[in-house]
Amino acid sequence: MKNIMNKIFKSSILGALALVVLGILLIFESEATIVTISYVIGGILVAIGVLALLKFYKEVKENDDTGMDLVYGIVSIVLGIIVISNPKAVASIIPIVMGLLIILNSGTKLQYSIELKKSGNNLWKSTMILSLISTLCGVLLVFNPFKGAAFLTRLIGFLILLYAILDIISTITIKNTVKKIKTAINDGIEEAKVLEVKEKSKKDKNNKKEIKDDDK
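Take the sequence shown: its letter number 2 is residue 2 in the working numbering, and every next letter is one higher.
Among the hints, a few may not be true.
Pair by pair, the computed Cβ-Cβ distance ranges are [to be verified]:
| no. | residue 1 | residue 2 | range |
| --- | --- | --- | --- |
| 1 | 17 | 129 | 54 to 60 Å |
| 2 | 132 | 39 | 31 to 37 Å |
| 3 | 39 | 143 | 23 to 29 Å |
| 4 | 111 | 75 | 26 to 32 Å |
| 5 | 158 | 122 | 28 to 34 Å |
| 6 | 9 | 57 | 40 to 46 Å |
| 7 | 58 | 143 | 44 to 50 Å |
| 8 | 97 | 31 | 28 to 34 Å |
Distance condition first, Cα-Cα at most 20 Å in a straight line; then the derived EDC-like pairs of lysine to aspartate or glutamate [unchecked claim]:
| no. | residue 1 | residue 2 |
| --- | --- | --- |
| 9 | 175 | 115 |
| 10 | 88 | 31 |
| 11 | 58 | 69 |
| 12 | 125 | 115 |
None of these hints come from the bench; they were simulated from the model.
Here the structure is a predicted model, which is why all the values come from computation and not from measurement.
Backbone N, C-alpha and C define an ideal beta-carbon position, used for all residues, glycine too.
Work the whole structure out from these sequences, hints included.
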């Protein structure tokens with residue numbers, strides 16, 4: 001269980017750090033970053049399409065063709081080429097995708113803050129505030145009330161950067177809280193064991209005393 005929790009926290013921190021880098025790039029190198037992201041996404045789609053066509057060719061040779069790989073491959077390649085040749089199209093999609101991911105992740109942290117409140121932990125307030133601010137960032141990205149391509153790209157970078165920093169703070173807070181809870185539980189278990197040993201020792205002494213009294 002401990003290893004699983006460590007992996008979750010580690011992946012969360014690494015993901016947030018990656019978003020920090022993305023946010024900074026979008027703020028200071030917005031156009032170059034969008035073009036690079038377009039090339040990467042487009043290249044992945046083209047590669048997926050090529051693999052699907054190769055699979056289709058293999059199935060044809062083995063007389064086990066369903067035809068779906070051919071359609072999937074062609075569609076993926078066409079989409080990849082469109083994305084590569086139209087970076088602005090990716091720029092219009094990025095805020096929606098990032099906004100939805102931020103809202104989903106912030107919702108998880110918000111639920112955690114509610115659980116902290118139920119358990120009487122004072123950290124629920126700071127966790128909830130960070131979650132609400134992160135959710136607001138996500139909502140702004142999805143509904144995009146701002147105009148102007150250059151300004152919008154930098155704003156997206158700023159919101160992503162702000163969310164990433166808040167996510168790092170929230171993740172560290174949650175990790176420390178879980179650690180404290182685990183320590184308290186372990187201390188409680190150890191204390192219970194000590195009391196059990198003392199109670200058993202006391203019973204043994206009483207039994208020995210009763211036996212001596214009976215012998216007399």
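Against the structure, the hints come out as follows:
1. 17 with 129: 54 to 60 Å: Roughly 22 Å apart at Cβ, these two residues miss the hinted range, so it is violated.
2. 132 with 39: 31 to 37 Å: holds, 36 Å
3. 39 with 143: 23 to 29 Å: holds, 28 Å
4. 111 with 75: 26 to 32 Å: Taking Cβ atoms as reference, residue 111 and residue 75 lie about 37 Å apart, which means the hint is violated.
5. 158 with 122: 28 to 34 Å: holds, 31 Å
6. 9 with 57: 40 to 46 Å: The hint (40 to 46 Å, Cβ to Cβ) holds, given that residue 9 and residue 57 are roughly 44 Å apart.
7. 58 with 143: 44 to 50 Å: holds, 45 Å
8. 97 with 31: 28 to 34 Å: violated, 19 Å
9. 175 with 115: With Cα atoms ~14 Å apart, residue 175 and residue 115 stay inside 20 Å; holds.
10. 88 with 31: holds, 9 Å
11. 58 with 69: The given pair, whose Cα atoms are some 10 Å apart, holds under the 20 Å limit.
12. 125 with 115: holds, 11 Å
In summary, the structure is inconsistent with hints 1, 4 and 8 from the numbered list given earlier, while agreeing with the others.
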